[in-house]
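J.: Chain by chain, the residues run as shown.
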Amino acid sequence: MEAVLKMATPWLILILEALVLLVVALLHVAYTTYAERKIIGHMQQRLGPNRVGPRGLLQPIADVVKLVAKEDIVPSGADKSLFYLAPFISLVAGATSLAVIPVWEKFALANVNVGLLVILAMSSLSSYGIILSGWASNSRYAFLGGLRASAQVISYEVAMALSLVGVMLMAGSMNLSEIVKAQVASPFKIYAIPQIIGFFVFMVSAIAETNRTPFDLPEAESELVAGYFVEYSGIRFGLFYLAEYFGMVVMSALAVTCFLGGWAGPFEIPGIPFFWFLVKLYALIFFYIWVRATLPRYRYDQLMGLGWKILIPLALLNIVITGLIKVLV
Amino acid sequence: MGELGLASKYLPILILAILVFVIGLSMIIVNQILGLKRPYPEKLERYECGLPPSGEPRHPFSVKFYAIAILFVVFDVEAVFLYPWAVSFGKIGALAYIEMVIFIALLLVAYFYAWIRGAFRWE
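Heads up: the protein sequence lines correspond to chains A and B, in order. Each residue of the first sequence is one higher than the last, beginning at 1 in the UniProt record's numbering. Each residue of the second sequence is one higher than the last, beginning at 1 in the UniProt record's numbering.
Next comes chain B alone, as it looks inside the complex:
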């Protein structure tokens, strides 16, 4: 693939994504051609095990989900920090290790705080 240059190393990912999309789309088109079409109001209603649907479908949900989302952001950023550190670990040595242990320890403080305050309690 030398002829395509360095920047196009990522091109195959895009090509594969487009191919997958095209295959999915063509399946849906075939479905539109072959599939039955006999809609009536009851069929188009949302599914609640055969009973008439009741209430708002998008009702308010627990604040726990937000807490998880916030924690996810914190920990995912941590993982992003860890990646370049891990890859270049062989070159930067023991000092970087100590620094990273301090970083993880700081994060653990926040982690245990969240734990004590019940962020991981789901009863």
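So here's chain A without its partners, still in its complex pose:
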């Protein structure tokens, strides 16, 4: 009995850690939706949600309850199995990347050597969810939205992958904890200063990867009604919604880790080792929301032009310059 317990303990700890991480992340995702509505409300001289609970703080919970109680409609012409599968692919691919993010020095759920590759692979996988839902819904809007979304996501995927090469050059590693440690040891403490081009390219393509304004053409509610998930209802729609916000949190966390020094801060906060990580994370999420409230949507040709004609050459230039400096210094 004791031997079994001894064998099972590391597994139980691992599962518990994963569960805690996931619950904390879900809370963050839920309250990101609240923060978004509240902040955009105030930016547009409105109050935002304020009915459910004090200052509307229970709004995300009310939203989930509402979605769970809604009818789950599957359109008659839909490809059922793909239709059921698609939101899961989006959600799992979006949320799993969290496993490799080092929240503080001693905690990354999976401290693997190829952390960056895992994240890029997951963000590639999430485009399957988009394509499949667009195809399976058997609807014109969904089909167009899915096509646009997949073209956009793979275009910006390239720019994002290339923008991270500069970080790898400077850190000499793909392990995210190592990248943070190398960053803290570097003269500027954060890579956002020497890698300013890479940081810019990364932030723009991260917004496009997560399909958010001003690059939310796949959803474009004023022309495609909701794009690839127009036929989804009830909590299946909720899963796509969750996946989108998970993507936002993951991309912000990745930017914090790769460019803004991760858990390191100007001074130690006793007792809360992940304090600076969260501060930077919230700042970036606020930035995302701010961008959404400020900029109008791009046109599709502008969007593809920006990705292929500006961001990719910039990212390549960044690699060449970073390499040159590394050779000379």
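Among the hints, erroneous ones may be present.
[To be verified] Computed cross-link-like contacts, DSSO-like style, restricted to lysine-lysine with a CA-CA straight-line distance of at most 27 Å:
#1 B:9 - A:106
#2 A:80 - B:43
#3 B:9 - A:70
#4 A:66 - A:80
Simulated from the structure, these hints should not be mistaken for laboratory data.
Once you have looked at the hints, place chain B on chain A.
T.: Just chain B now, kept in the frame of chain A:
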């Protein structure tokens, strides 16, 4: 996590993926239990802003999307080549840098060819 061995370093990723899947699935199950079920033919029709749906939903689409997909493959493979180069850059030095500049230059030739031939024109 030393007790679990080296190969299981990737295990937490799988565990997290399974947990996310279970949470998503349980939400859908709750939805099936709590949600209304009153389907009728008009409700199950595909949504086209209230008008009766017309034509094929999966109509032919522009060949541009294929061109983008092909370019994506080329550039993503390039990124995959760049990764190991970037990680081991400190050990291999200046020669590897020159080689990579030549590689990127070769790729830029193809890139500008695609540009001139209008692969990035979306009007």
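J.: Kindly indicate which numbered hints from before are broken by the structure, ordering the numbers from low to high.
T.: 3
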